[in-house]
Amino acid sequence: MARLLFLGRLEDAAGAAQLEVPLAAPTPLAELLALLDPALSQALSGPRLRLALNGTLVSAEGLVVAEGDELAFLPPVSGG
Amino acid sequence: MAEVRLALDPFDPAALLAAFSAAHAEAGGIVSFLGQVRAGEGVDALELRHFAPLTLPGMEELARTAESRFALASLLVVHRSGVMAPGDPIVLVAAASRHRRDAFAAADFVMDHLKSDAWFWKRERAHGAWRWIEPREQDHADLARWA
Chain S
1 MARLLFLGRL EDAAGAAQLE VPLAAPTPLA ELLALLDPAL SQALSGPRLR LALNGTLVSA
61 EGLVVAEGDE LAFLPPVSGG
Chain L
1 MAEVRLALDP FDPAALLAAF SAAHAEAGGI VSFLGQVRAG EGVDALELRH FAPLTLPGME
61 ELARTAESRF ALASLLVVHR SGVMAPGDPI VLVAAASRHR RDAFAAADFV MDHLKSDAWF
121 WKRERAHGAW RWIEPREQDH ADLARWA
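Residue numbers (this note's numbering), protein chains in the order written: chain S, 1 to 80; chain L, 1 to 147.
If you are wondering where the hints come from, they were derived from the structure by calculation, not from laboratory data.
Do not take every clue at face value.
Reference excerpt, derived from the structure (chain S facing chain L, CB under 10 Å, subset only) [claimed, not checked]:
1) A2
2) R3
3) L5
4) L7
5) D12
6) A14
7) A52
8) N54
9) G55
10) T56
11) L57
12) G62
13) L63
14) L74
15) S78
16) G79
Partial list, computed: chain S residues near chain L (C-beta under 8 Å) [as the list claims (entries may be wrong)]:
17) G8
18) R9
19) A72
20) P76
21) V77
22) G80
Cβ atoms here follow ideal geometry from the backbone N, Cα and C, with glycine treated the same way.
Chain S with its partners taken away, still in its complex shape (with noise of 0.2 Å):
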């Protein structure tokens, strides 16, 4: 199992702040997104998403998701 958290907008685009995925050995970043919703990884694939893994910010490039990690998808912020 691992865990996706979505931020800010994401959230609508997945209908929650969080998802659990089974996967049955570490999965590329293509082919967890491929399980999921195609409108949910769609959103989920735009070019200004940042990710963070297990809390530290990763590239998409060439990332692999194990067992009991979490993976965030950061979309653009707005504070103040």
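Given chain S, put chain L in place with the hints provided.
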């Protein structure tokens, strides 16, 4: 040494500013900025979300950068997360310096980065519906001034 806080509950900007001023009597000038929830346009709530592993560490890094860039006696940065009502404080930045120019610039610098380069997400509720707010072009242009 900066004081940086992520406030999960309402804060009192006047009390914080009074304490900050008293603690830095050696500073000849203190510039502060208070951001508050704007009333009007049917908005009855504003929510700021954060991501715990990144948000406060990012604010602390921003404060360190401001302190290395400007000649400051001290810096105070407080940013709310959670649901707020019109008139509630969102953010307080105060920069104390021997001379005013660095204090003005540091407060401006920190605010520009908090608006569009800190780990917060903002949505507002108007007429019963929530809407996520993305940074405006102006926010990005403001940030680019410091590059």
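How the hints compare with the structure:
Interface hint at S/A2: violated, since its Cβ lies 16 Å from the closest Cβ of chain L, which is beyond the 10 Å cut-off. Look at S/R3: its Cβ only gets to about 13 Å from chain L, farther than 10 Å, so that hint breaks. Because the beta carbon of S/L5 sits about 8 Å from the nearest beta carbon in chain L, less than 10 Å, this interface hint is met. With its C-beta approaching chain L no nearer than about 6 Å, S/L7 sits inside the 10 Å limit, and its interface hint holds.
With a least beta-carbon distance of about 7 Å to chain L, the hint placing S/D12 at the interface is held under the 10 Å criterion. A least Cβ separation of about 13 Å between S/A14 and chain L goes past the 10 Å threshold, and the interface hint is therefore violated. A cut of 10 Å between beta carbons decides the hint on S/A52: the least distance to chain L is about 6 Å, and the hint holds. Interface restraint check for S/N54: the shortest CB-CB distance to chain L comes to about 8 Å, inside 10 Å, so the restraint holds.
With its C-beta approaching chain L no nearer than about 3 Å, S/G55 sits inside the 10 Å limit, and its interface hint holds. Among the interface hints, the one on S/T56 holds; its C-beta lies about 7 Å from the nearest C-beta in chain L, closer than the 10 Å criterion. At its closest, the beta carbon of S/L57 sits 7 Å from a beta carbon of chain L; the interface hint therefore holds under the 10 Å criterion. Given hint, S/G62 at the interface with chain L, is violated; its Cβ is 21 Å from that chain's nearest Cβ, farther than 10 Å.
The beta carbon of S/L63 is not positioned within 10 Å of any beta carbon in chain L (closest approach about 17 Å), and the interface hint is therefore violated. Against a cut-off of 10 Å between C-beta atoms, the interface hint on S/L74 holds, since the closest Cβ of chain L lies about 7 Å away. Checking S/S78 against chain L: minimum C-beta separation of about 4 Å stays under 10 Å; hint holds. Of the supplied interface hints, the one on S/G79 holds, with its beta-carbon coming within about 3 Å of a beta-carbon of chain L, less than 10 Å.
Against a cut-off of 8 Å between C-beta atoms, the interface hint on S/G8 holds, since the closest Cβ of chain L lies about 3 Å away. About 4 Å separates the beta-carbon of S/R9 from the nearest beta-carbon of chain L, less than 8 Å, and the hint is met. A distance limit of 8 Å between C-beta atoms decides the matter here; for S/A72 the minimum to chain L is near 6 Å, and the interface restraint holds. About 6 Å separates the beta-carbon of S/P76 from the nearest beta-carbon of chain L, less than 8 Å, and the hint is met.
At a threshold of 8 Å, the smallest CB-CB gap from S/V77 to chain L is about 6 Å, leaving the interface hint in force. Taking 8 Å as the C-beta contact cut-off toward chain L, the hint placing S/G80 at the interface holds, the least distance being around 4 Å.
Hints 1, 2, 6, 12, 13, counting from the list given before, are not met by this structure.
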